[in-house]
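Student: Line by line, the protein sequences give chains A and B. With the working numbering applied, the first sequence covers 10 to 518. With the working numbering applied, the second sequence covers 17 to 127.
By construction, these hints were calculated from the structure, which means they are not laboratory data.
What the simulated footprint calls covered on chain A by chain B, stretch by stretch (three residues with Cβ under 8 Å from a Cβ of chain B suffice, anywhere in the stretch; the number is not a length):
no.	stretch
1	209-219
2	284-296
3	496-508
If you want the footprint, here are the derived chain A segments under chain B, 3+ residues with CB under 8 Å:
no.	stretch
4	77-85
5	92-99
6	227-240
7	267-279
We put the CB at the ideal spot given by N, CA and C, even for glycine.
The lines below spell out each chain.
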Amino acid sequence: MNLIVVILFLAIVSLTLVITYFAAKRTQSTGDFYTAGGGLTGWQNGLAIAGDYLSAASFLGIAGAIALYGFDGFFYSIGFLIAYLVVMFLVAEPLRNLGKYTLADMINSRFDAKKVRAVAAISSITIVIFYMIAQLVGAGALIQLLFGIDYWIAVLIVGVMMTIYVLFGGMTATSWVQIIKAVLLMLGTVIIAFLVLMKFNFDIFQMFSEVKTVTSHGEAYLQPGLQYTVPLDTISLMLALVLGTAGLPHILMRFFTVKDAKTARSSVVTATWVVGIFYILTIFLGFGAAAFVGESNILQANPAGNMAAPLLAEALGGDLLMSFVAAVAFATILAVVAGLVLSGASAFAHDIYGQIIKKGKASDRQQMLAAKWASLGVSVFSILLSLFAQSLNVAFLVSLAFCVAASANLPVILYTIYWRRFNTTGAVTAMLSGLLTAIILVSMSPNVFALDGSAIFVGEPIFPLTNPALISVPVGFLGGFLGTILSKELDSARYAEVKVRANTGYRGN
Amino acid sequence: MPTKVESDYKKNTDFKRVAESKKFRELINQRKKFIIPLTIFFLVFYFALPIMTSYSTILNRSAIGDISWAWIFAFAQFVMTWMLCIVYVKKSAKFDKQADEIIQEEIEGER
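Bound conformation, chain B alone (with noise of 0.2 Å):
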């Protein structure tokens, strides 16, 4: 019978259960507080650019040679994405591991 298929479907897994356990509340946490403060960040040093180019000149000021501050910033950006790529990857490798032991424990091993 479909429905009875159904509610079997449904009893699976609880995730409400799973979304309460402990290991993945810690995840939860971890990932925001890495990645809300470097979103922020990314998104307030991008901003900075036009803001400073549009309402100033301060950035027109020589850095090295002819190369004024507004590249050098231009240049930091580029800088910025690559350094934050490489965070992301490690971090994410401790994030892997820790979304692995969640569904080997509080979802496979609770069926």
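This is chain A alone, in the form it adopts within the complex (with noise of 0.2 Å):
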């Protein structure tokens, strides 16, 4: 570690230790600790949304799968951005009309059922515990080669910091942090993308034409078909890459934090150029690190190829730039974590105990001190269940908690909104449904079965795709229709009131 890393990585420990000191002042109430008061502007909550979404997969995995694999490494890059479109047309203004913290608020301001609210709880709080564990083994695997510290130190240096920002600071120094994170990731990828683009001379038809000389690709480099040989389970990837964005629990909570639909509508728009821009770069990102740093290189600092953003801005820019990087990534980490805990908390303090337990009736300072609690009980469980990871090939998580997303969430989100039949069985029925079948396919998939012993268990996989969301989102739409139908429940007074606060944004009585 030299000299110039650790004062970098103390500059942002102490900067973001500084937001959540002030932010802390200003949360007084529940709604402050959940939703930062509702005060974000559409810029600052565009660039949060960026900051929470823009992980270290993003940032490192997708560099590191174009450096390896060429054009299959962008296909994440694309379905990632997609997922914006389904966002902003179908999703993002109907759920601030209609919520007030959390998904299962959304849902239960057409049904006020307890369990609904329940299974919705939980479906967030299992997306969000495997997208958690994906991220902290993650961080602490990337912190160690960055930083050559010890993988139980990586993750508990992560941990604490996430837990004092949303702890002390809530949704304000989360949002912060994600905001700070998003403008140094995008400063960064600029950079590196514009020395990259220098050394083709400025030439985007020159450096095509010289990456394929320098893979042990060949020409095969610049075509798909590297990575993904079987086409169903590429367009099952893609599937839960475009629809799992809008059942993400931390990205929808982010629509909670701005005052009204119109000011959601436009962080959607800032977040889809920022995101935009910075997965266009992500091909400089991967074709610099396979010319300049080298295929060979790449895998020997890292077998996934993490390894390949930070190595090329080392080739590019020396130790200055590369401590740079590795700061970066490190507040890319911390920003998405503390996203995390906070939508896990909420689904936790606001749902189960406050309108569950407590039916709606708990006092601020109660519904404060849950919240509390519920952080801290969400961070330690997952530190806890990270450092345990740490042997585990975990890559598959987050495309369990997309999947998840696509298949529990979606369906429902889409139903409550747009289906005036829907009703309460509906409601549990394609949220089980999409869930379960998510994760059992999973659990049987070559992600956890593998003959030649790269996954969880030796053995011969029953379920063919790594990702399950082919069958499991046409299951969770499939469940929420058959539990509708087949129960006679309808209210539709109920739901003209829910049709005219969505397209509306009408919030009196």
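From the two separate chains plus the hints, produce the assembled complex.
Tutor: As structure tokens, then:
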């Protein structure tokens, strides 16, 4: 670890702590804690969404995947971006108009049913835990590589930092950590992309011509099919990516931090531009790494290619740029896990404790205490799980999180807003069938069973696809449909209210 | 008495009447006409890429120099996203106006 890394690392840590200190003063009520008082502007929230979304998997993972597999690595970038059209066109504004703190609030604007809220909370918590373990285990491994410290210390550092932000600064601190991280990440990516382009004389055609000679794949590097060879698996993955985002609790929660649907819209627009520019630039990161770091060096540092971006920074800008990129990667991890803790805690404290156990009659002080205890609980639980999960290959947990979000959450969101006939039975069956199908199919998939021992168990996978979205998303929609039509219950007056509120943003009685 | 307060609360707005008003139905219809075709369009456009690259090699042909049609199609996804983003913002400004009119005339005006 050199001196510049230590200085940048400490600078980021102290900056975020200063933010948390000021945020803590402004976090008086439960609303402040969960949604920063709903006072963020479209720009701020747009950057925070980008900061929440562009995880280390996006930054380091995609750069590595493009460096190693060319075109196929870029598939992730496309799926992650188009997902924002689903959020923008179908989900963001009605969600803001109907919800308060959580996804369950939005569904319960139509049904006052505890079972619906409970299932929605369980589905959110499941997604958060899967996603969080993947992030923390990845973070531990990454910080170990970047700074040369032990895995368990790395997980503890990240874990303690995220707990401090959330516990003391709530959504205000978390949002600002995400905003700063988004700016730093864009800055780092633009600098590297610019340096890569400069090396190719600002000629994109020259870049394409040269990269097909630098890898062991030759011309095939620029063509699809290097990494994804099973057509249905590719399509299933693309389905989970494009529909999953609109069901991820920590992304949905961000829409409650603005004052109305108009601001929610402008924040998705900002996020879409920022995220889009970032994903375009991943090509330069990937190609640059392939050309100036080299396939064998990337693989040697980390077989999954996660070190491609930091190594490229070192090759182009020496220690200084490498340290900057390492610090940005660290900030990236912190911002994402803090958002996850908050969304997990809101499902526990607001939905399960506040609304189900206390029946919505808890005082603001009680709710705030519950929120803080839940944050602490979620943090400690995920840190412990991550410490034990070190040796597991956790990459599948991210795709599982997206898959559960797409299969369990998205059908119920769309039905609640757009389907007149939808009812409580349908809401429960939609979420349970999507959730269970996704989890059961993944546990029988090649991620868990492999003959060569590369997965958790050795054996023949019963389910052939690595990502089950192609089956579980239709099952989620079908489950909701059947549950609805098989039960007679129907409240069209209530739907009229939901429809008017969702479409006009009217909040009065 | 709490019961009385609650019945007052429900009487405030007759959402069913608002939902059946001409202006509201017009807004819903225009929204549908805008959102449904565009959503189908972008999903088809999106899935066309992995389907074409998985089941054919048609996109592997060169478009400009070493850049194949697969890359052009991939970039087109980005351009499409940003275009739809701009179109959506423009259209929504119009919907916002209609929604405000409904709130003023149908909900608050009818109190």
